[in-house]
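There are 2 protein chains.
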Amino acid sequence: MKVIVVGGVAGGMTTASQLRRIDHDAEIHVFEKGPHISFANCGLPYYISREVEKRTMLVERTPEDMEKRGIHAHVAHEVLDVNTKNKTISVKALETGEIKNIRYNKLVLSPGGRSVMLNALKNVPQSFVLQQLHQLDSIEDYIETHNVNEVVVVGTGFIGIEVTENFVRRGFKVTVIQHNNDIYSPIEPDMKEFMYDTLKEQGVDLKLNSEILEVDGNKATLNTGEILNAPLIIVAVGIKPNTTFLEDTDIKLEKGYIPVNEFGQTNIKDVYAVGDAILTHYTHVPEKPVNVALAWPAHRLAFVIANHISGNTEFKHDGFLSTSILEFFGHTIAQVGLSRKDLDKDTKYIDHIQANIAGYMKNPEKIHARLYYDDDGKILRGVFVGKEGVDKRLNVLATFMRTDGNIKNLINIEVGYAPPFGTPKDLLNMIGYKAIEKLKES
Amino acid sequence: MKVIVVGGVAGGMTTASQLRRIDHDAEIHVFEKGPHISFANCGLPYYISREVEKRTMLVERTPEDMEKRGIHAHVAHEVLDVNTKNKTISVKALETGEIKNIRYNKLVLSPGGRSVMLNALKNVPQSFVLQQLHQLDSIEDYIETHNVNEVVVVGTGFIGIEVTENFVRRGFKVTVIQHNNDIYSPIEPDMKEFMYDTLKEQGVDLKLNSEILEVDGNKATLNTGEILNAPLIIVAVGIKPNTTFLEDTDIKLEKGYIPVNEFGQTNIKDVYAVGDAILTHYTHVPEKPVNVALAWPAHRLAFVIANHISGNTEFKHDGFLSTSILEFFGHTIAQVGLSRKDLDKDTKYIDHIQANIAGYMKNPEKIHARLYYDDDGKILRGVFVGKEGVDKRLNVLATFMRTDGNIKNLINIEVGYAPPFGTPKDLLNMIGYKAIEKLKES
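Taken in order, these protein sequences are the chains called A and B.
Per this note's numbering, the very first residue in the first sequence carries number 1; after that it's consecutive.
Per this note's numbering, the very first residue in the second sequence carries number 1; after that it's consecutive.
Isolated chain A (complex conformation):
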């Protein structure tokens, strides 16, 4: 059996590795367009501040490593087309320009996404996106050769925020450009007022309702007329699935994403998809489709696909909760479940603020939680912001939402209590008690 994997980062490389563990006979090839496989995407921003001390720590596996494990990993090989009738792919070796057709028995698509570059910044030498290891290298080279200590970050999503924080830690003067006034849009406006204050405290110059119209040398002109010093620009305005090579194939796409079923299969037999380019559904609200471009979902589905390819149908994918967490200058911002945009506007919710540890201890820190629920009490979305202990409550809620998920039953959760760790009735217990009262009224 010949298995071809398109894309050699998290989803693709994990599928290949898992399959190798299970199936000792399959011939496995991985084609990666970029120059590296299996690097730590999520760690890239942390190299900017040298929180990740050495670049080598970000390289998890090389093609040589994979070869030793019996996986043929081909970097700088771009897959141009898929012929699902003949079961072939067409691959271009980027160094030589040579194009080959290669047959497969099973095909796994893990093309990932690409960071969007704004038109006005496309031909600007100091403008970069940060999604791949070679892009990080380019940024670091540029900083060194141009002696840069100032950066403009465009966008305040996950990556924009992480890049901002790490440049601040590095000692850069940081300006952040946001096209509207809603920074880190995944979170409710009234829960993140502290973010604006914190950016100010950290010396970040935040320009709201702003866009870069043009760049001339090191000067960027905004729509507001303001002219900024912009010797380095990081663009973090979103990600699009890398699926244009599939547009003329029989493989179904929805708004560019590849829908998959419970085994990670596409609409075409023997073609699977995993990672940032897929479309699946929420675990707790299966009728709602979702794309979750995060590491855990990629690893999870890779395992299901590897098993299915090797004939084991025991493991099924049942969607994702889209659990996510963000560090923000000592604060933590976390959410699980339906996104703000996937939630009906009039959905009921409970707000609750409680200390992370016993109030009589030194330095208790408040956590603000908001849980949305439907008329039956099913939790649809949870949001948490605070300094300490946010991750703990998020993870408990995410675990609970996979199994029980009724807001009233939060009273039953029995977490570990001692004064340095919580309160006898923890934050989520209290929300359960509040919910019982609220649902009684309605």
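Note that these hints are calculated values from the structure, not bench results.
Just so you know, same-sequence chains aren't split out, so a pair can sit in one copy or run between any two.
Derived BS3-like pairs: lysine-lysine, alpha-carbon spacing no greater than 27 Å straight-line:
hint : residue 1 : residue 2
1    : Lys366    : Lys54
2    : Lys366    : Lys387
3    : Lys316    : Lys378
4    : Lys362    : Lys387
5    : Lys316    : Lys434
6    : Lys387    : Lys425
7    : Lys316    : Lys425
8    : Lys68     : Lys434
9    : Lys316    : Lys269
10   : Lys425    : Lys68
11   : Lys425    : Lys240
12   : Lys68     : Lys438
13   : Lys438    : Lys316
14   : Lys54     : Lys425
15   : Lys54     : Lys362
16   : Lys348    : Lys434
17   : Lys316    : Lys440
18   : Lys362    : Lys173
19   : Lys288    : Lys425
20   : Lys252    : Lys92
21   : Lys85     : Lys255
Given the structure of chain A, go ahead and fit chain B onto it with the hints provided.
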């Protein structure tokens, strides 16, 4: 309706408060033997180090507070007997010596436990237990009047460890006496070797296989012949249920504990019990009885009882997981599920050690986890030790054990991942993957 509550700390006072919220008409009396109601038991050791800065922070409610809320709380009133046929209790006012019989319609027993005082130390003026606020006061008075800066702690259970740590933080010279060589016995010996090292690093003089035979002035003689300086002795060798006053009643006791059903009812109609003196069962292994002398279980069952008294049978108690957590000089020691002694000796387990955050970040700290499971994969017991992130994994596992609980399904848990918070496949996910392999072999 007249409701009488015996015991005015966590379980009893919470039952009274919950009932008051639900039922505006009931006449509620609470009788507490000690001089205070509703103080923060769990916080007492933390006052020693002044982590809790003021003693007043430990007093949650006074009888005057309760009176305002329509609850009659009587301190220094000892309940001597219960007559379940006449539905009366006999109460002694400790200040006057007066004894009264009082009728009840519903009786809630929350007598708690009492710390055991060793015979050899009973008449030693500098020897104390620490379980109640007035005992903390006595210790602090003694320290001040005798100018003490040295302490001998007898016992290494939960309280012994907390007292030790807080005296070290206060700058005391601390000696710890353990009757065998197994300190903090709830945890497996091979998982807690660091505890011995840490005590040494902290300057604590640990005397294993030792007991105090006699005390003469400030000198204590051990069974080993050694003579110690012992100007202050804290005895923390265990707790016994305060149920001798029930021994001649119709209320059933098992080894001194009061068995209760899913509504907190004893064997006698209209008599409930809650708190440290009750016997219930494990949630996940209902056939195994357990006594869980912790705060959350008391609060949880108080709610169930208050509802049942007021005629609402919607809420049921389904046992406890016995989730517990202990801070230990920057380490965390946590467990959930069956205790070591309630576990069959040959129970299978998976050991797993994994960093709490991404390995390329600064200062990842290892967590050692051990999960015991039965032949069907049901998780019976989980133990975690480490420095950072132990509490988070404990709470996720405890939440999971209430609902799903199969070790193989740990692969499905979707927690929040970003490099400062974890790894793409978190520790519990990895244990799930290991378990799938292990259960395949067997």
